[in-house]
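With the hints as constraints, model all of the structure from the sequences given.
Here the protein sequences line up with chains A and B, keeping their order. Position 276 (the first sequence) corresponds to 272 in my numbering; numbering is contiguous. Each number in my numbering comes from the position in the second sequence (counting from 1) with 82 added on.
It should be emphasised that the hints constitute simulated quantities derived from the structure, not laboratory data. Watch out, some of these pointers could steer you wrong.
Covered stretches of chain B, as calculated for chain A (at least 3 residues, CB under 8 Å) [what the hints assert, rightly or not]:
id	stretch
1	93 to 102
2	184 to 193
Dumping the calculated DSS-like pairs for lysine-lysine here, alpha-carbon to alpha-carbon at most 30 Å [as the list claims (entries may be wrong)]:
id	chain 1	residue 1	chain 2	residue 2
3	B	143	A	40
4	A	58	B	150
5	B	86	B	169
6	B	189	A	132
7	B	143	A	42
8	A	58	B	189
9	A	40	B	150
10	B	117	A	42
11	A	132	B	117
12	B	150	A	392
13	A	231	B	169
14	A	132	A	42
15	B	154	A	42
16	B	189	A	42
Quick caveat, the model's predicted, so the values are computed rather than measured. The C-beta atom is built at its ideal place from N, Cα and C for all residues, glycine as well.
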Amino acid sequence: MFGTPTYQAVFFLVAVLSLIFIFLLGYTFWTRTKNKYWNRYGRKFKDMFTPLIFDYVDSARKSNDADAVVKKVTRRIQDIELFIDLVDNMTEILSGDDRQKLRWLINNPRIEHYYRKKLNSTRRGDQLLACVYYAKSGVVELKVAVELFELCSSKNIKVAFGAAKALQSSTNHEMRFYALKDFFLRKDATELMIGELLHLFHHNSNPIYQTSDQSLKQLLLDKNIRKERKEIVIKYISHHNFYEYSTFLHQYLQKILYRPDNKSLIKHLIAAIGVLRVEEAALLVRNYAVYPDPDLRVCCVEALNQLGGEENLLFITTMLLDIEFDVRKRIIQTLVQDPDDGHLLLEKFMLTHLKFITKIWSSDLQSHDMFVIVNKLQSITQGIRIASANKKQHLKSTRP
Amino acid sequence: MSKKDVVVIDDDELTCMLIRRILEREFKFNIVSFKNGLEGLEYLENHNPDLVVLDLMLPGKNGFEILKSLRKREEFKNTKIILVSAKSNSSDIERGFDLSADEYVTKPFQQQEFVVRIKKLMRAS
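In structure tokens, the structure reads:
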């Protein structure tokens, strides 16, 4: 029985599975032990260096004073990484002169030299480590910038992103802009990467804020940059309430021709115009509100509601007879939520049309076409009632 | 003059260490520190320190809750409470002062500034 081929096959399978199981068990045990060791090592490293760095912060007067602390860090990759992490965490607690002293540690020539070598390495892991370091320490030397620009064109998106991020720490505006633009031109960059890079490029506290403002406009006007990327820039502008772009966004919308491939960009622009309340663009948005694309009309309704004003709200109310259910629904929702005259306009609409319906029922004008119109009006008035009731219920439940 | 007692409640080890260092170096206070809001509050059930340094984002119980429960108790009427947080929203700062915190320090801070604020507080007491 034991010599049968079936038994041999089962035995072989069990043996192989047992070996795999033992290997996985051993591997898990080994990785856990390794992690435990490094965690313990990290804690000891922290315990040893934290007081040392605090003492250094209290006593340091010039950048050379950092040498004494940095000399104590061995040249092992783990030690240098732990040291940089520790100093980085401290910069989150300390500000002013203390923070400047911590920067002296990060920018110390011994450490910089170590990462410069990593930057020249052909290993991706090393290149990434160097990029992370330069993003923290700042790119000062032209040689480093040149090497980072080379990495920006790497086939590996992670390395290219790391290098572009590192270049954003430079004080040279041109350098930052070209790194950003190069990354925008890549096909493999994700929306999140673009957003993060844009934020690093344009953050408020930077003294080059005024010039970077011009650069975002250049990005939007660049014909080589894909429309999806431009949409991210527009979203970024509106989410951060950059009102200084209002006129530019209006002019930009005027310039773009309505084509199927421009539809999404136009929608983003209209949404941004609504958020930033670019009142001078209201007429243009109202023009787009009668275009055949229902998504675009919904977008216009929202923007016009955000722009506010009697004229825009009246315009939205006239759109209540729109052919698309989604558009009508959105109009009712926005007008019901409107804190000013929205509700009054809906009430007026209901009263006028109810009178019209009563007149139709009592007259001899009843026809199939009339019946369709009356049905639509009844559906709209019912929608208004439901939305109003929902709002009342919501207010009741949120009232303390 | 007897040493003043200070309780530091902050889950961030580095912040805790830094505050301890500053207080020991500048004021020679007796310092007890906790990383958890509940543990800190439990300690404060039986102790009445002169100063409490409190982080807002804490595991167990957040800083606002601890501040609220301390201020309800009569024995903590004269205890100075400093909130230390990375939250720098005006609404958080306002809430802290509404709950009668004596100071609000936002992270990152300068050591010297922290010392000056504590000196001012302790003088007032």
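Structure-based check of all given hints:
1. Check result for the stretch 93 to 102 of chain B against chain A: holds, 6 residues qualifying (beta carbon to beta carbon below 8 Å, three or more required).
2. Interface restraint, the stretch 184 to 193 of chain B with chain A: holds (5 residues with C-beta to C-beta distance below 8 Å; minimum three).
3. With a C-alpha separation of about 29 Å, the suggested pair residue 143(B) and residue 40(A) falls inside the 30 Å cut-off, and the hint holds.
4. As the CA atoms of residue 58(A) and residue 150(B) are separated by approximately 45 Å, the hinted pair breaks the 30 Å bound.
5. Between residue 86(B) and residue 169(B) the CA atoms are separated by roughly 28 Å; this keeps the pair inside 30 Å, and the hint holds.
6. Annotation: proposed proximity of residue 189(B) to residue 132(A) holds, straight-line Cα distance about 19 Å (limit 30 Å).
7. Simply put, residue 143(B) and residue 42(A) have alpha-carbon atoms about 27 Å apart, close enough for the 30 Å limit, and the pair holds.
8. A C-alpha spacing of about 24 Å is found between residue 58(A) and residue 189(B), which places the hinted pair at or below 30 Å, so the restraint holds.
9. Annotation: proposed proximity of residue 40(A) to residue 150(B) is violated, straight-line Cα distance about 37 Å (limit 30 Å).
10. With a C-alpha separation of about 17 Å, the suggested pairing of residue 117(B) with residue 42(A) holds against the 30 Å cut-off.
11. Restraint check for residue 132(A) and residue 117(B): the C-alpha separation of about 28 Å stays at or below 30 Å, so the hint holds.
12. With a CA separation close to 29 Å, the supplied pair residue 150(B) and residue 392(A) stays within the 30 Å bound.
13. Of the supplied pair hints, the one linking residue 231(A) and residue 169(B) holds, its CA atoms being roughly 26 Å apart against a limit of 30 Å.
14. Using a Cα cut-off of 30 Å, the hinted pair residue 132(A) and residue 42(A) holds, with the two alpha carbons roughly 20 Å apart.
15. For a cut-off of 30 Å, the pair hint linking residue 154(B) to residue 42(A) is broken: about 39 Å separates their Cα positions.
16. At most 30 Å may separate the alpha-carbon atoms for a hinted pair to count; residue 189(B) and residue 42(A) meet this at roughly 20 Å.
Checked against the numbered hints listed earlier, the structure breaks hints 4, 9 and 15; every other hint is satisfied.
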